[in-house]
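**Q** Residue numbers (our numbering), protein chains in the order written: chain P, 6 to 364; chain G, 10 to 366.
One or more hints might be untrue.
Looking from chain P toward chain G, a few residues come up when the C-beta cut is under 10 Å (computed) [stated by the list, open to error]:
1. Ile-116
2. Met-121
3. Glu-140
4. Phe-159
Below, in silico cross-link-like pairs of lysine-lysine (DSSO-like), each with a Cα-Cα straight-line distance of 27 Å or less [said to hold, decoys possible]:
5. G:Lys-34 with P:Lys-185
6. P:Lys-185 with G:Lys-361
7. G:Lys-317 with G:Lys-206
Every beta carbon over 12 Å from chain G, so not counted as near; a handful from chain P, in silico [what the hints assert, rightly or not]:
8. Gly-95
9. Glu-115
10. Glu-117
11. Ser-137
12. Glu-154
13. Tyr-160
14. Glu-171
15. Ala-179
16. Thr-198
17. Phe-208
18. Asp-253
19. Ile-264
20. His-280
21. Gln-333
Rather than coming from a laboratory, the hints here were simulated on the basis of the structure. Please read these numbers as outputs of a predicted model, since none were measured by experiment. Here a beta-carbon is modelled for each residue, glycine too, at the ideal position from N, C-alpha and C.
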Amino acid sequence: MLRVRSADSVSSGSPRVFVVLTGEPAAASSSRPTDATAHTSPQSGIILFMEAAIRCRGLKKTYDGKVDAVRGLDLEIHPGECFGLLGPNGAGKTTTIEILEGLLAPTAGEIEVLGMTWHEHERELRESLGISLQETRLSEKLTVRETLELFASFYRNPSSVPAILEVLSLVEKADAMVGKLSGGQKQRLAAATALVGNPKILFLDEPTTGLDPQSRRQLWDIIRQFQQHNGTVLLTTHYMDEAERLCDRLAIIDHGEIIAEGTPAELIARLSGHHVVEFALAGGDGEGADGAWNRLPGVQSVRDEDGYFSLQVEEPHETIPALLSVVQQKRARLVHLTTRQASLEDVFVQLTGRHLRED
Amino acid sequence: MIVPSRPTVNGRWSGYRHLLEARMKELWREPEVIFWVFGFPLLLALGLGIAFRNKPADITTVAIVGNAHAQQVVDLLKRSRQKSGIHADVVDPATAYDQFRLGTYALVITADGTGLHYRYDPARPESVLARSQVDDALEAASGRQDPLKTDATQASEPGARYIDFLIPGLLGMNLMNSGMWGIGFALVDMRQRKLLKRFVASPMRRTDFLLALGSSRLVLMLIEVALLLGFGVLVFRMLVEGALLSILLVGAIGAVSFGAIGLLTASRARKIESVSGLINLVMMPMWIFSGVFFSYERFPAIVQPAIKALPLTALNDALRAIILQGASLVSQLSRIAILVLWGGLSFVLALKWFRWS
């Protein structure tokens, strides 16, 4: 499997090797022509098969015949990319990823992972996937090393445990009981149990939920490292910064449906107005007069959250002077004013009218 | 750079081996498990063995209501052959009846000059015994002539004592307890922690997982049998009549069968609280009916077939027959069949209903 980006990535037909985290040679599975699309590299003229790492069509899941958790998802995740499912809690992310992992049966829909189906190739797929579930509590009375050796023993060709300990910075904790680890260390161990089998695809369900910033960055590095060596990653998250920094492409999910899909940059570009001006006022009259803000030059939309306004604007330098003069007319005082680039959070808010995390 | 084609690192049984190893390590590192599986039954055997040890001779304690004729009764008792076995206190009527009710006295004797009056409780074996013992002593001392001459030898031999009855029962109960908790509780705990789901997300073979759990029971069974029997032999000089191999084989079948019942109990439950209740519900009737601490012959005849169909009854009976009477395995086939049936049926149903996530 190759990701056709440029001539130099094509030349890596003899694939780069990463001693620890590598999956099989990336090109090896191109011999499986199932549902593959032929691509011609412009420079070399070599025909390559590009096959989705994960593909699903019309995925549906209804619990107990009542609750529609997933209502018709189409996804295509390319080899070598990091794909994110972004959405609030209860959006159907975990249901979706667990169906793709072969742990839940879908109510309807077709799924193909690495060109294989769960029905026919379960064992083969299990050997090629690394899975980290949301909140698994591993045995507390085993050491880190013992836990990894246990998981490694399930695979025909696992990575070496010492090497995995090294990559995930768990060497110092190798002989510590799992029960004594910190939250970040436990999450790294969970990722390690997924990586120890030498997977081609890594599934991570909310890998950094509840972690401190440093532990989150550590996990991000691990994910990037895996990806850099031809690994494909599918992760769910409700952190928009995580999705923005880590994912090549993502799908925003709400109420079991994809409401937007693309690269983070594309999604933000689709916003009407790439900048956000946020401000709050004190005193003055006519505070509720939102109409005034809408009429400011370049303003695309206005949100008022308890007196905390946020304007989506094309060009802040046109909007802000006008904003200031309106404030003056109202004899109000600005207590807060910032301007920033629009983020995925704004995309989500614009699409749903809600925030990703409403705690 | 070329990826070297790596040889297969792990063989067919590597997963099973590691699962079993991990299970045993987890057990050893859990002090509570060590206590409940090994310490508790030994303490129980020690306590009950001491409480019900064969005393040199049982002394019957009776009350004589203090009146003008009381001394006569005391003198008669002192002259009797059984005087060493009967202890009599002369007390006022209120104390006599009070202490009789509380169990200090097995019998109250009231002399009124013309004869004797006994107050005894037919529901209390020691009271019934005291009545006939005292009556016999007093009548004989008063000059009764027995037409038939009788004689007796005292015999308290290992093999017929309460501790001999108790140890195989405790062994059976312990195999049930550790099978039910060791499998049932452990599984639901893993399910609740999503560890089961995490395992099936890997290429782990589910059969290996169940095999490893079953094997861990067998290893523990060996230790349980060795500890309890060794304890009985060393501390209470118990005699083990049967072949050790037969005992181990029946122990293994018992351990695995109760493991399977534990598996069935745990097949659906999502919370350890709910499985704890279920396990106790399943074990409760067997604690009572299966003859762990006392013989189930005491229950009405009509429920005997049901009692004998319980797996713990079959296990206890088979263990007692082999350990105490040296019975052969073949003679215990029907009991073994009951165990296998329970275990096999539970296993099949458990596999059908088992929830991995």
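**Q** So, for every hint listed, does it hold in this structure?
**A** How the hints compare with the structure:
no., hint, in the structure
1, Ile-116, "violated, 15 Å"
2, Met-121, "violated, 14 Å"
3, Glu-140, "holds, 7 Å"
4, Phe-159, "holds, 4 Å"
5, G:Lys-34 with P:Lys-185, "holds, 16 Å"
6, P:Lys-185 with G:Lys-361, "violated, 37 Å"
7, G:Lys-317 with G:Lys-206, "violated, 39 Å"
8, Gly-95, "holds, 18 Å"
9, Glu-115, "holds, 21 Å"
10, Glu-117, "holds, 18 Å"
11, Ser-137, "violated, 8 Å"
12, Glu-154, "violated, 6 Å"
13, Tyr-160, "violated, 6 Å"
14, Glu-171, "holds, 18 Å"
15, Ala-179, "holds, 15 Å"
16, Thr-198, "violated, 7 Å"
17, Phe-208, "violated, 8 Å"
18, Asp-253, "holds, 24 Å"
19, Ile-264, "holds, 28 Å"
20, His-280, "holds, 43 Å"
21, Gln-333, "holds, 58 Å"
Hint compliance for this structure: hints 1, 2, 6, 7, 11, 12, 13, 16 and 17 are broken, all remaining hints hold.
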